[in-house]
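*Asks:* The numbering of the sequence shown is the numbering used here, which starts it at 207 and goes up by one.
Please note that a few of the clues may not be correct.
[Said to hold, decoys possible] Below 16 Å or equal to it, Euclidean Cα-Cα: the simulated EDC-like pairs (lysine to aspartate or glutamate) are: (1) K226 / E268; (2) K262 / D236; (3) K226 / E293; (4) K241 / E268; (5) K271 / D236; (6) K267 / D236; (7) K262 / E238; (8) K267 / E296; (9) K252 / D242; (10) K262 / D242.
Hints were generated in silico from the structure; no laboratory data involved.
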Amino acid sequence: MQNFIRNTAVAYLMILVLFKMLAVPFIVLDYEVNKDYIANYLCVNKGNTVAYCYGKCHLTKELAKAAEAPVSNEKNNARPATVDFVEHFEPFSFEAKQPPVSDHNLFRDNRFTVFSLHSIFHPPAFA
207 MQNFIRNTAV AYLMILVLFK MLAVPFIVLD YEVNKDYIAN YLCVNKGNTV
257 AYCYGKCHLT KELAKAAEAP VSNEKNNARP ATVDFVEHFE PFSFEAKQPP
307 VSDHNLFRDN RFTVFSLHSI FHPPAFA
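Kindly generate the complete structure, drawing on both the sequences and the hints.
*Replies:* Structural data, given as structure tokens:
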């Protein structure tokens, strides 16, 4: 049951992100498909022959409306910022600090006894 809910939520969020990403290409595609209708009926400059834009004014309005919509939602949901973590920094001093002295040797492990290999490995002695 939890997998179904999680998969449904993921699919829903993916669809929302997909619609958000493809909003601008769909607006431009709609403009290209309906260019004649937009130029003849929806264009602001359709009566002005000098500044005739062939419906690009309508396209810019639609793109501005698509870009403006999420900004209004973010303003309504804005919350004041809170500080969740504060790190305390100690003041820096230029005094030389003594390194810590330890009782054990860092370079040699003293847990094992060292024996001489010469007592074991030597040339044979003939008597």
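*Asks:* A separate judgement is required for each hint: does it hold in the structure or not?
*Replies:* Do the hints match the structure? See the list:
1. K226 / E268: With a Cα-Cα distance of about 14 Å, the restraint between K226 and E268 holds, given a limit of 16 Å.
2. K262 / D236: Cα-Cα ~12 Å, so holds.
3. K226 / E293: violated (38 Å)
4. K241 / E268: holds (14 Å)
5. K271 / D236: holds (15 Å)
6. K267 / D236: Holds, at about 13 Å.
7. K262 / E238: holds (10 Å)
8. K267 / E296: violated (55 Å)
9. K252 / D242: Within the cut-off at roughly 11 Å; holds.
10. K262 / D242: Given pair K262, D242 holds - Cα atoms ~11 Å apart, limit 16 Å.
In the structure shown, a violation is registered for the earlier hints numbered 3 and 8, in ascending order.
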